[in-house]
Each structure stands twice: as structure tokens, then as C-alpha cells.
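Asker: If you want the building blocks of each chain, they are given just below.
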Amino acid sequence: MAKTDLFKAPDYYQIDDLLTDEQKLVRDAARAWVKKEVSPIIEEYYEKAEFPKQLIKGLGEIGAFGPYIPAKYGGAELDQISYGLIMQELERADSGLRSTASVQSSLVMYPIWKYGSEEQRIKYLPKLATGEFMGCFGLTEPDHGSNPGGMTTNIKDQGDHYLLNGAKMWISNAPFADVAVVWAKNEQGRIKGVLVDKGMDGFSAPEMHGKWSLRASSTGELIFDNVKIPKENILPGRDGLGAPLSCLDSARYGISWGAIGAAMDCYDSALRYSKERIQFDKPIAAFQLTQKKLAEMITEITKSQLLALRLGQLKNQDKATSAQISMAKRNNIEFALKIAREARQIHGAMGISNEYPMMRHMMNLESVVTYEGTHDIHLLITGMDVTGIAAFNG
Amino acid sequence: MKFLVCISKVPDTTSKIAFTDGDTKFDENGIQFIVNPYDEWYALVRALELKESLGGSVTIITVGGQADEPVMRKALAIGADEAVRIDAEAKDPGYIATQIASYAKDKDFDIVFCGKETIMYNNAQVPAAVAEYLDVPFISLATKLDLNGNTATIERDAQGGVEVVELQTPFVLSAAKGMAEQRIPNMKGIMAARTKPLNVVPAFDAAETTQVVSYETPSGKAECKYIDPENMDELVSLLHNQAKVI
Ligand SMILES: Cc1cc2nc3c(=O)[nH]c(=O)nc-3n(C[C@H](O)[C@H](O)[C@H](O)COP(=O)(O)OP(=O)(O)OC[C@H]3O[C@@H](n4cnc5c(N)ncnc54)[C@H](O)[C@@H]3O)c2cc1C
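If you're matching them up, the sequences are chains A and B in order.
Residue 288 in the working numbering sits at position 288 of the first sequence, with consecutive numbering throughout.
Residue 89 in the working numbering sits at position 89 of the second sequence, with consecutive numbering throughout.
One chain only, chain A, in its complex shape (with noise of 0.2 Å):
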């Protein structure tokens, strides 16, 4: 079933020529081990709904897992733009494969690299860098998804350690996560970072089954029966609901540049099968309906373009709002999806097949438009910023 990879990206408005040689670079390298290693199986591990793990290693060898981070904490060193590139070329890939990389590098890495002691740094940064630890991000209960803060998972004092108790459900990675940053409530009701480590008596992850979506990504339920936490595995930098938030920031970011690679992806297909594909002795390509596709999605794919760079060089100078960060999530998320859509249709019957990507592409991205703040959220978080007026609560 292994099918060569066409895979060209487009660049209609020569975004190239703005990218360093190293960037470039990186996302070559990206989009090199992607073609080898994940193009020929990832139709397979959807279709079991299995994460692949065997492609960990690689993940961490293409400076997958946090490569923002510091080398002295195993991390690359690269700049914001190079992080998102990588994402974009991960979800070109796959959004599951991608989202594996986005919690361990800005869910996980993140919180520990910013908010984390030394000796929690020392400890786990090193081993989540190349994958030989995984991590996972435990914000979302069941009954408090878009509204985190009204969690009910809580820790309590107990003068030597911390007892846990609750639950945390949705969590990637979970199933197979070496650590767990888990939010939780102190009895003052302040939202505490703690690093839960697999193991730990009372702690179990199971897998929740069923996904039609982000099925190459494996996703569990995170259960605190009574957790003996030691006082180092308290996240001492930063609490409140900022903490957490400040983590998706960055994600967020990430996910804004990983909804191109998708919709990149859609695109390269539904161009080449429309050249190929003759109905009425024509090309598909040749007749308007089709080329008012194509052109609406080049178009759509350059704006998402250039809203994630703008974005990463802001990001590179420290002045990115989270507002601003939302609204590129929120929007290259919305095209992708719509350019799945329309690439999907322009196949025809065999769009829906396992032998093209649209599909795929589509289902996850229902994921993406969900989570790290679904669609209607971020048009909120937007509508705050300029009005002033939040209208979360009604």
C-alpha cells in the first residue's frame, strides 16, 4: 500500500525568500524524514487508531521536541520560525503525529523549561528532547473543558507531600506519557503545575477508544486516586490559570503554522489529481468550477503564510499577544478544514479512499478546530481583545 510521496509545497508568494538558510534547512530535513519514514505507513496506523511509536526516535532526531529549548537542557536552540515549520511539516504528515510533537515540546517542555526548578529541568528536559521520555499535558476534565478554570482536580498538603485527587480526560499521549504536567487546584483554590510521574501509586492513564478523529494519536484519561506527590514535583515558577494558558500560547502557535501543512498537503493533491483526472476529454483542471477551487485555496494557504510568519517574528521578539496567537489558530485551522473539504470533492469518489489524504486531513482537523480552544472560543478571545467586553459568560 506504500505510495511514493509527490508531495510539493507550495509557495506562491516566495515566503521562501523571507526563511534564513537555517530554517530552510530544517524544514528540509523535516520534510525529507516525512516522505521516508511517515508518508509510506501513516494511512496503516490511522486506520488500526495507533500511535507509531516506532517513530519517536526520528521525531527527536528532526528537533521535533522542543526545539526552542536551551542546548544546555538537550534542546536545538532554534528559533520560533524553525519550531513552526517543523509543525507544518509534521501536520502535512498527519495532525495526530503532529500533536504528539506539540504537547511534548510546548505542553510539556515548555512549563518545565519556564516554570520548572533546575533540578526538574536537568531531570526531564534532556530525555523529552530526543523521546527517550514522553510526556503529556493534563488541563481538560470532564466537566470543564472550555472553562479550565472551574477544574475540580486538587491537591492537598499534607506537610511532607501533596496528595492528588481527580481526573483529567481528552489527554494526548497520555497512554504511553513517562510524566504528566497536570493542573491542579491547592486548597486555596490557586492552579498549581504538578509533575506526575508514571508509576506513581494511585495513577493510571487508560486509552480512550473510539476517536474518528486524530486516530495515528493515542489519547487517555489521566486518574488521581489519592497520588502521593513529593514537594520537588511542584512546578514553583508560576501558578494561576496563566500558567497553563501561557503553555497553550505557545502550542497554539505551533498548531497556526501545522494547519498549512495540512491544507498544503490538500492542495498538492487535489492540483495534481485535477491535471490528471479527464472527464468530458478534459482535464478536471480546465474547467471553472475547479480552478475557482484551486485559486481559492492558493489564496487561503499564502494568507495563512504569511499570518503565521508575521506571527513567528513576532514570537522571535518576545511581543506576541495571545490574542494575536488565537487569531492564527483560529483561522488557519478554518481554511484548512475548508480546503479538505473542497480538495476532498475535487477527487471525486476516490477522495474518500485511504489511497489520498483529504480525508484523513479533514477528520483530524475537526480535533484541531477543538482543541487548545475551540473555534468559537478563539472568535471570542478576538472579540474581547477588540471590544474589551468579554462575552465568555454569556
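By construction, these hints were calculated from the structure, which means they are not laboratory data.
Be aware that a few hints might be false.
Unchecked claim - Result set (DSSO-like, lysine-lysine): computed pairs, CA atoms no more than 30 Å apart in a straight line:
hint, chain 1, residue 1, chain 2, residue 2
1, A, K72, A, K114
2, A, K303, A, K228
3, B, K91, A, K282
4, A, K24, B, K225
5, B, K221, A, K282
6, A, K275, B, K144
7, A, K24, B, K188
8, A, K275, B, K225
9, A, K24, B, K105
10, A, K36, B, K144
11, B, K188, A, K123
12, A, K292, B, K144
13, A, K24, B, K177
14, A, K35, B, K225
15, A, K127, B, K196
16, A, K185, A, K156
17, B, K244, A, K24
18, B, K51, A, K292
19, B, K196, A, K36
20, A, K24, B, K16
21, A, K319, B, K188
22, A, K35, B, K16
23, A, K57, B, K25
24, A, K36, B, K225
25, B, K188, A, K114
26, B, K105, A, K35
27, A, K303, A, K292
28, B, K51, A, K127
29, A, K35, B, K25
30, B, K51, A, K8
31, B, K177, A, K303
Unchecked claim - Cβ-to-Cβ under 7 Å is the rule here; a few derived chain B residues that face chain A:
hint, residue
32, T14
33, K16
34, I17
35, P70
36, I184
37, N186
38, M187
39, A192
40, V212
Keep in mind that this is a model prediction, so the values were computed, not measured.
Think of the CB as a built atom: it goes at the ideal place given N, C-alpha and C, for glycine as much as any other residue.
Place chain B with the ligand on chain A using the hints.
Answerer: Using the frame of chain A, we list chain B with the ligand on its own:
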């Protein structure tokens, strides 16, 4: 062992080709360049494998301008130890070979690796000319190379079969498909490449030996004609009268 690998940049294979200066020059505008695959996948990787098993160093050399440095960095990221750029316009094969040989002359390289040709001009002349100017043996189209001390055993494609040759270092070889497998640069390599030396050497005196009069792109593919299998007479007539091949 000291290995020298000649690296050149070529347009990505999906590039649209155009010319400037009255069709005498390749138009580089909007072109994405890659490392010539024969240089990268076969010559460089085999040199690195030998270095890794026998010790020594791998130097890469490019004749070209600053615009060639990204592909050189990639070669460093894949694992070469240092890079040399001869600051000269890559004119004709004789000129390029003179530059490389002039640089390599007194450096005691055991093997000079080249790709069998560039996928851009397909001249396949530089490797042989470098060997000639260095006055060392030359093996073309090598698909396998093993070293035992100073004795190299090389397999090369020959018409309808394989030729196995043995020779002593130093020598020049041109590598063909099969010599090694592509390596994708990893993040460690990319980070290390930031600080590896890339030395720029002034051009050596050499004359251009040829001049390009003009380039043209191939005319479009002729349309494919289908002929009914029952109708052999028509096929023969077309091959004879139209295609003029029989
Ligand atoms: C595959 C997958 C992987 C995930 N991985 C992780 C992970 O690793 N870690 C983690 O912590 N979480 C993860 N999540 C959870 C994800 O972040 C949540 O699903 C998301 O935040 C939405 O929460 P919810 O599903 O509870 O939806 P709800 O919050 O119940 O929302 C349901 C609907 O109501 C709308 N809505 C809610 N509030 C408002 C409002 N104020 N105004 C208007 N509309 C509103 C939403 O937009 C949505 O349409 C994952 C989810 C999926 C699907």
C-alpha cells in the same frame, strides 16, 4: 584517511527552467537549489561512512559564490567536518576542475569523491579532469567502494554487468547510485554545522576553456498516438514515414 568531496548546487528537480542574457545563462531567479544528489547521497555519504569506520576527516569543496553556501551548510549538517569554497564563478568543467585540483594538490587527500555528474549540466567532466590535473588514477561510475589500508576495491557499472577494480590511494572517483543511502540531516548535525569552518579561498588563475553559445529548452513532448493492435500496417507506415525510425 583524508577525504575530499566535491559538492555543487543544482536546481530542485521540479524547477521551471529559463535562460537570460540572450539564452547564454541559466536564470536563477525564483529557483530553489539543492545539493547535487550524486554528490550528496552517494559521494558524501560514502566518504562519511568511511571516516566513521576508519577515522580521518571529510572536507567538502565547492567552486562558486556566496549563494552556494546554503548547500555547503547542508553538507556540513549531514556530517562533513569542514568546507572550502573557492570564490570563483563555476564556469566550464575544465575551469572548475583546475580550481579543485589547484586547491587539493598539496593537501594529501587519499580519495577525492565526486558525483558522477550534476543533474544540471550533465557534463560529467569535472571528476576526470581533477584526476588528470592531480595526476592520479580515476574511476568513474563507482557503485561500491571498500578500503583496506591503502587498497581500494571498487565496483563500477559496466555495459551489461559489473566491473570490479582494485587500486591504491590516492585517486579520484565519481559516485553513481548504489554507493550509499541518502542521509537526512538531524538536529545535532544542523546545530554542529553552525560552527564548523567554511573557508573561502580566492580563485586560482585559470582560463575558461569553452564558452556557451546558447541554451534552449527541449521542445514539448509530441502527442501520444494510439493505434489499434489490429492495424499493424498503419503503425509501420507511421514509424517509417512520420517518425522515420524504420
Ligand atoms: C483528540 C483530542 C486531544 C486532546 N488533547 C488534550 C490534551 O492533551 N490536554 C488537554 O488538557 N486537553 C486536550 N483536549 C481537550 C480539548 O482541549 C477540549 O476538548 C476543548 O478545550 C473543548 O472542551 P470540551 O470538549 O469540553 O467542549 P465544551 O467546552 O463543552 O464546548 C462545547 C461547545 O460549546 C462551545 N462553548 C463553550 N463555552 C462557550 C462560550 N462561553 N461561548 C460560546 N460557546 C461556548 C464550544 O465552542 C463548543 O462548541 C483534547 C481534545 C481532543 C478532541
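Asker: All hints, please: hold or fail.
Answerer: Do the hints match the structure? See the list:
1. K72/A / K114/A: Distance of about 14 Å is within 30 Å: holds.
2. K303/A / K228/A: Violated, at roughly 49 Å.
3. K91/B / K282/A: violated (45 Å)
4. K24/A / K225/B: violated (43 Å)
5. K221/B / K282/A: Measuring from Cα to Cα gives roughly 18 Å; hence the hint holds.
6. K275/A / K144/B: violated (40 Å)
7. K24/A / K188/B: holds (16 Å)
8. K275/A / K225/B: holds (20 Å)
9. K24/A / K105/B: violated (35 Å)
10. K36/A / K144/B: Holds, at about 23 Å.
11. K188/B / K123/A: This hinted pair holds, its Cα atoms lying about 20 Å apart.
12. K292/A / K144/B: violated (51 Å)
13. K24/A / K177/B: Cα-Cα ~26 Å, so holds.
14. K35/A / K225/B: violated (35 Å)
15. K127/A / K196/B: Judged against 30 Å, a Cα distance of about 26 Å means the pair holds.
16. K185/A / K156/A: Between K185/A and K156/A the Cα gap is close to 9 Å, so the pair holds against 30 Å.
17. K244/B / K24/A: Measuring from Cα to Cα gives roughly 49 Å; hence the hint is violated.
18. K51/B / K292/A: violated (54 Å)
19. K196/B / K36/A: holds (27 Å)
20. K24/A / K16/B: holds (20 Å)
21. K319/A / K188/B: holds (29 Å)
22. K35/A / K16/B: Measuring from Cα to Cα gives roughly 22 Å; hence the hint holds.
23. K57/A / K25/B: violated (45 Å)
24. K36/A / K225/B: violated (37 Å)
25. K188/B / K114/A: holds (23 Å)
26. K105/B / K35/A: Violated: K105/B and K35/A sit about 40 Å apart, past 30 Å.
27. K303/A / K292/A: Roughly 16 Å between the alpha carbons, so the hint for K303/A and K292/A holds.
28. K51/B / K127/A: holds (29 Å)
29. K35/A / K25/B: violated (33 Å)
30. K51/B / K8/A: violated (34 Å)
31. K177/B / K303/A: violated (41 Å)
32. T14: holds (6 Å)
33. K16: K16/B check fails; min Cβ-Cβ to chain A is 12 Å, beyond 7 Å.
34. I17: Violated. Min distance 16 Å.
35. P70: holds (4 Å)
36. I184: holds (5 Å)
37. N186: For N186/B, the interface hint holds, since the closest Cβ of chain A sits about 4 Å away, which is under 7 Å.
38. M187: Holds. Min distance 3 Å.
39. A192: violated (11 Å)
40. V212: Status violated, d = 28 Å.
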